[in-house]
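Chains E and W are the protein sequences, given in the same order. Anchor point for the first sequence: position 32 equals 32 in the numbering used here, and the numbering is continuous, going up by one each time. Count along the second sequence from 1, then add 1000; that gives the number in the numbering used here.
Simulated from the structure, these hints should not be mistaken for lab results. Idealized CB from N, CA, C, for every residue including glycine. Check before you lean on any hint, since a few could be wrong.
What the hints assert, rightly or not - Partial pick of chain E residues on the chain W-facing surface, computed with a CB cut under 10 Å:
no. : residue
1   : F8
2   : L9
3   : V12
4   : Q26
5   : Y27
6   : A46
7   : I99
8   : Y101
9   : M114
10  : Y119
11  : S160
12  : N163
13  : V164
14  : S165
15  : I168
Chain by chain, the residues run as shown.
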Amino acid sequence: MRDLSPLFLLPVAATVMVAPAAYAQQYLTTEQAQRTLFPAATRFVAASVTLSEAQRDLIEEKSGVRQRWETQEVWRAELDGQLLGWFIVDKVVGKHEFITYAAALATDGKVLGMEVMTYLETYGSQIREVSWKQHLVGKTSADAFKLGKDIPNISGATLSCRNVSNGIKRLLALQEVALPYGQ
Amino acid sequence: MASNAGSPAMQRRMKPLLGTFVEIAIVEMERGDTALTAAFAAIERIQALLSFHDAESELSRLNRQPGTAVKFDAISLRVLRLARAMTLRSNGLFNCTVGGALVAHGTLPDHGGVAALPCGRADDIVIGSGYALLRRPLRITLDGIAKGYAVDCAVRVLQAHGACSGWVNAGGDLRCFGETVLPVQRREVDGSLTLLGGVQNGALATSAVYPQRQGSFPSHIVRDGEELQEHGAWSVLARTAWRADALTKVAALAPAQQRAALIQQLGGRLV
Chain E
1 MRDLSPLFLL PVAATVMVAP AAYAQQYLTT EQAQRTLFPA ATRFVAASVT LSEAQRDLIE
61 EKSGVRQRWE TQEVWRAELD GQLLGWFIVD KVVGKHEFIT YAAALATDGK VLGMEVMTYL
121 ETYGSQIREV SWKQHLVGKT SADAFKLGKD IPNISGATLS CRNVSNGIKR LLALQEVALP
181 YGQ
Chain W
1001 MASNAGSPAM QRRMKPLLGT FVEIAIVEME RGDTALTAAF AAIERIQALL SFHDAESELS
1061 RLNRQPGTAV KFDAISLRVL RLARAMTLRS NGLFNCTVGG ALVAHGTLPD HGGVAALPCG
1121 RADDIVIGSG YALLRRPLRI TLDGIAKGYA VDCAVRVLQA HGACSGWVNA GGDLRCFGET
1181 VLPVQRREVD GSLTLLGGVQ NGALATSAVY PQRQGSFPSH IVRDGEELQE HGAWSVLART
1241 AWRADALTKV AALAPAQQRA ALIQQLGGRL V
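Could you put the whole structure together from the sequences, leaning on the hints where they help?
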């Protein structure tokens, strides 16, 4: 049925509209992301990898994306002891955005899924100076994200997800280089 | 007064899709996860069918074979039909045939095939039963409408799963349904923010034209293959997201004094 009511925007209390320096939102905790990406898994076994300089070079060679850190958070997703795939938490930092996301990779290197865990967008302040290590990573409560509580949605200047696409390319190379095949 | 986005309790998820970040939120309900997963799946399906970036999409197959009837899914045909109609009705201010120009500018990838004209007309597109055909070598791009259409599909899926209220936001092109009021600000070309108001039971989209192209933002608008001179950010309110999305291109290209009237004729409202 056609809606014949007039098209208009509702007035919004001005107090809500303090221009934000940053917008932040937590979507999923690590555990929630695990359950979402591997609903069939019965167990997640921490299997983080520490990469040598040579391995990081190889990842860059294969993916064209630099592996900036030595340690990558990885879990084995298992169903009754059998490996279903790899659950990897990764982060990307762009000019205006800081995003942590989880990727589910099958043992044959297929991407099973991706979920954004935390999303932070800033303008005016330098994102690289934001102490995100302290404030964002590993937080499981919403406390760190009070910042985004009253911040409205922003339309325009669509942010590209290319950083995450590059991140996935890098993780697939990391899987080839550093994650044991099959078992 | 409009409530803010945080209350009542919402279930929210975000995925990188459609070249940007898509956030879906619904008022908390039983089996809400299932509804969210199904809504994202609907968007993924449209992306797989109609992405210009994916060389294997139905759209890319159409673009590679001018003069040949290419099998098209019902969803693809629907979006192509909407795009063709809007190209016609807007006198080419919205134009889904400018893919050739965008490839030449380096905005869109080149998947090969016959060299394309920079742009064409609505009647270059033939839509049949289960197929589409291009009369001339063109590159159709549905980027200006398929994102909105995907948002609309996701909303329908959420409602079919029993969600009474929520929103789907594809990088600022968004639609709200039910009681939820989503306050929205617009990012202007100079980086400042303008309060637009609260969206309820409607869709809002924005297109921006920058003095220089900005690497981290994918949007780029051309007129008949030419770069635009006027810079600015234009938002359009409409019932559906596909229409709001398409009409932002009309807004960006229309002469300033006719902008609001044109948008209204085409079923939207300039805000």
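Evaluation of the provided hints:
For E/F8, the shortest C-beta to C-beta distance to chain W is roughly 7 Å, which falls under 10 Å, so the interface hint holds. With 10 Å as the threshold, the beta carbon of E/L9 comes within range of chain W, its nearest partner Cβ sitting at about 3 Å, so the hint holds. For E/V12, the interface hint holds, the least distance from its beta-carbon to any beta-carbon of chain W being 4 Å, beneath 10 Å. The beta carbon of E/Q26 is positioned within 10 Å of a beta carbon in chain W (closest approach about 9 Å), and the interface hint is therefore held.
At its closest, the beta carbon of E/Y27 sits 5 Å from a beta carbon of chain W; the interface hint therefore holds under the 10 Å criterion. Of the supplied interface hints, the one on E/A46 is violated, with its beta-carbon coming no nearer than about 24 Å to a beta-carbon of chain W, more than 10 Å. Hint on E/I99 holds. Least Cβ distance to chain W is approximately 8 Å, under the 10 Å limit. Taken as an interface hint, E/Y101 checks out: its beta carbon lies about 7 Å from the nearest beta carbon of chain W, inside 10 Å.
A least Cβ separation of about 6 Å between E/M114 and chain W falls short of the 10 Å threshold, and the interface hint therefore holds. Hint on E/Y119 holds. Least Cβ distance to chain W is approximately 6 Å, under the 10 Å limit. With its C-beta approaching chain W no nearer than about 5 Å, E/S160 sits inside the 10 Å limit, and its interface hint holds. Annotation: E/N163 was flagged as interfacial toward chain W, and the flag holds, the nearest CB pair being 8 Å apart, inside 10 Å.
The interface hint given for E/V164 is met, as the beta carbon of that residue sits about 4 Å from the closest beta carbon of chain W, less than 10 Å. Of the supplied interface hints, the one on E/S165 holds, with its beta-carbon coming within about 7 Å of a beta-carbon of chain W, less than 10 Å. Against a cut-off of 10 Å between C-beta atoms, the interface hint on E/I168 holds, since the closest Cβ of chain W lies about 9 Å away.
The structure shown violates just one earlier hint, number 6.
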